[in-house]
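These protein sequence lines are chains R and F, in that order.
Mapped onto the numbering used here, the consecutive letters of the first sequence carry residue numbers 1 to 390.
Mapped onto the numbering used here, the consecutive letters of the second sequence carry residue numbers 391 to 535.
Possibly wrong hints are sitting among the right ones.
[As the list claims (entries may be wrong)] Quick list of the computed label-pair ranges, beta carbon to beta carbon: (1) Glu394/F <-> Arg286/R: 40 to 46 Å; (2) Ala264/R <-> Lys472/F: 57 to 63 Å; (3) Ala158/R <-> Ala477/F: 58 to 64 Å; (4) Asp267/R <-> Glu480/F: 31 to 37 Å; (5) Ile437/F <-> Gly314/R: 42 to 48 Å; (6) Thr357/R <-> Glu394/F: 28 to 34 Å; (7) Glu394/F <-> Asn61/R: 51 to 57 Å.
[Said to hold, decoys possible] Taking lysine-lysine pairs in the DSBU-like style, the calculated list, with each CA pair at most 35 Å apart, reads: (8) Lys404/F <-> Lys275/R; (9) Lys374/R <-> Lys395/F; (10) Lys472/F <-> Lys374/R; (11) Lys432/F <-> Lys519/F.
Everything labelled a hint here was simulated from the structure, so no lab data went into it.
These figures come from a predicted structure and were not determined experimentally.
By construction, the Cβ of each residue, glycine as well, lies at the ideal position given by its N, Cα and C atoms.
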Amino acid sequence: MIYFDHAATTPVKPEVLEAMLPYFSEKYGNASSVYKLAQENKKAIDNARRVVAQLLGAQPNEIFFTSGGTESDNWALRGIASSLKEKGNHLITTKIEHHAVLHTCQYLESQGFEVTYLDVDENGLVTAEQVAKAIKTDTILISIIYANNEIGTIMPIAEIGKVAKEHGVIFHTDAVQAVGQIPIDVNRQHIDLLSLSGHKFYGPKGIGALYLRRGIKIPSLLHGGGQERGRRAGTENVPGIVGLATAMDLAYQNLERKNTKIKALRDQLINGIYKRIPFCRLNGHREQRLPNNVNFSFDFIEGESLLLLLDFEGIAASSGSACTSGSLDPSHVLLALGLPHEQAHGSIRFTLGEDNTREEVDLLLEKLPPFVQKLRAMSPLYEDFLRKHS
Amino acid sequence: MYSEKVIDCFMNPKNIGEIEDADGVGTVGNPRCGDIMKIYLKIEDNIITEAKFKTFGCGAAIATSTMMTQMVQGKSITEALKITDQAVAEALDGLPPVKMHCSCLAERALQAALWDYAQKNQLTIEGLKPPESTTEEPEEKSIEE
Ligand SMILES: Cc1ncc(COP(=O)(O)O)c(C=O)c1O
Ligand SMILES: [Zn+2]
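This is chain F alone, in the form it adopts within the complex (with noise of 0.2 Å):
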């Protein structure tokens, strides 16, 4: 049901681990979806230096952490927030619909550490919101879907 593009960025994920001192941390998700994304950054000059992750989830949310770090990797924080979910899913020749949901992990991690880093400087960056509670529970579903 992968592509083998997204096998390949799982099997053989890049980029995991954490930054002792790093400039921006991100963590997205909860345990009740089943993905859980952090990412830890490190800005110079406003350039993304390096990108690292840890990621609770499943082969989608594991292969667009990698993708995400990736592309990540040298971007002006300007460019790195045009990167959407949608772009890591088409470096990653697609994700299955059902899986759509942890690619969007990946942009909103990534948004996430680059708010935590405005916040520590007292920057503002254009275009970034404030990530959304990640305590927050997603709505009550039935079985029946």
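Only chain R is shown next, with the shape it has when bound in the complex (with noise of 0.2 Å):
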């Protein structure tokens, strides 16, 4: 199989699920005891914590182990819309969230929060200038999405950030397709909160963390046995802890190295499809877009037809076709981005990994524009464009 799907989620390194397994087995030991078997384990996690904080500018305490991006995204927003409602009840965010910020936006709102969600331009950017026009005196929360994961635009996240510290408003990120990927530095870019996921560099899946500048009160999200320093109650997942941390610190080494590699593929990709497919758009910003993200509508088809031929011949890719997600509209973020119907529910996404090879991208190069004809071949609506312009 080759799998184009890293966005999707990644497997795990080999050198991940070492440093996993004796947390399965023989260092069982619960962090809260005294005895040495279990000290041993607040060591690694304690440890673990130095690693993220360190991966990411920040301290120690900072960092608050969860079962991952969508538990973070969850507890920043409604912990900080919880903590600051007497100051305010705006929140900012935009158009283009993932649906675990997009979706508590929306149960906020439904508890009196009022949210700006704002546009972003053809290439899925917000500028730091509409953020600022979009701050209000109650405003407490700014959360911008680092690199969206349909279309891979970076978003000017320190500008972002300078902007809300001006205003003395809070700024959360999900950056869960970001970490691992991109260097991030919380203090330069005024960072207040920040959501990451094991599973999107390498790590286990179930396990992510938030940072949380010191000085930012939320409440505790989970009640109990006063783990994570009281925050998130509950016995600590040490192999996922430790999986993520070595994951992460895997992921930020020879960074550069891996990107220009990976650059290189995915511009390899959008060039040869460029070259070889009329009638098609990348979507997403050509420049500002993560290193291994790929996304193109192909006029007059459908995605998920697209996936299965694909599919068919072992290349995994996913789409942002409506009959994909088992609703009838297609992608938010591409219709944010302006696209027509017909051509957000024409997308493809791939999003290349460290193990991809020139081979596997020529393969799919190759294979890639008979599909693409095959399905154009049986479209009424590429009956209809061929019949006005003939």
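Put the complex together from the two separate chains, hints included.
Written out as structure tokens, the structure is:
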């Protein structure tokens, strides 16, 4: 199989698995206990927290382990909303957030909060000026996705962070797709809260973290035995925490070299598609984009059918078409770019990983054009188009 | 998630194309929902002698188009009207629940094509209703679902 869906999830690296394994068996102690077996685990957690903190330019006591990106996003938004509700009830976000943020915002709206969903431009960008304009006296939180999971567009996070700081508003970013691919410094970029998830950078699933700047209070997410300094109780997922930290550490080693390689594959794919297939467009910003993201809309055809043809050849990718999501509407991200519905339905996303090769991209480039042609040949939209232009 | 039959009908679709001098043509669906189906029929002495389709849509939509056009071939109009989306789905060994809406299109496209035939020939066909407007937008849905 050729796997081009690394934004969905990544395989756990062997080194990561190896680091995790002892914590399932011989090092099974509960980190809260006093004996030596337990203390070793406490040390492992402390160490993991230090690693994650250091890679974000944060302090260890600003890192809280969670069950993943969704939990971190929920906690960040609901936590700030709850602790600052006396101060104000207005939040600012964008139209292209992941559902973990979007649906949390909708929940907060149902609880009486007001949310501004900023428009993005045709490349998926919001500007710091847009954010500044949307800030009101009762704004308590700005939450902007660091890099979009569908189209790969990277937001001007440092500039937005600066605006937030100047206005005294707390700034959260969903960095689930960015962590492990982009160097992050929470102080330089004025980030107050940040969500990340282990399984997007070759770590295990079901483990993530929330960075919370010291001095910012949010209510405990889970009440119980006092773990995570009382903020998120429950016996720690030690193998997961160790796995996350090991994977994150590995991800940031030789990052530039790895990114150079992945970007080359990405650009080979983008240029190759443009060269071989007419009537298509790259979705997302051409330069300010994740090193591994390629997202195309192919006119006149629907994404899922193209995915199926590729799957039959052992090529795994994903699409923003409605028919894959179970709802009738195509991706809210593609619609927010201003794409007409048929183009949004005709989108397909390839996200590359460290192990993908030139040969695999070559193979995709060889398979893709006849598949697109095959589907166009059976499309009534293409028939209409040809008739109009003949 | 798809049955082998669905995959087969999708990978090896039959009856793709247009019929230049079709006796009935029906188009249903719209770009908004992501599936558009166009069916062409050739009808002689009340018998459907040829059926072809063009479909913009997912695997299920293309598979049901293939199956539907195969099922109507050689049938009388009355018999063809009895083919429901349920029957098409069954002939495909079932469709995932989220895909049932795609199979509804096949039934509606067939009826639209027969309606077109009836209109052109000033016939009334028992049990045949005019197709719903195809340009109609489905109801606004929130992303929460
Ligand atoms: C941008 C973004 N935010 C949040 C999530 C959710 O993360 P998790 O799967 O760890 O809950 C994802 C993953 O799908 C994502 O891509
Ligand atoms: Zn469909």
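Query - Structure versus earlier hints, numbers of those that do not hold, lowest first - result: The structure breaks only hint 4.
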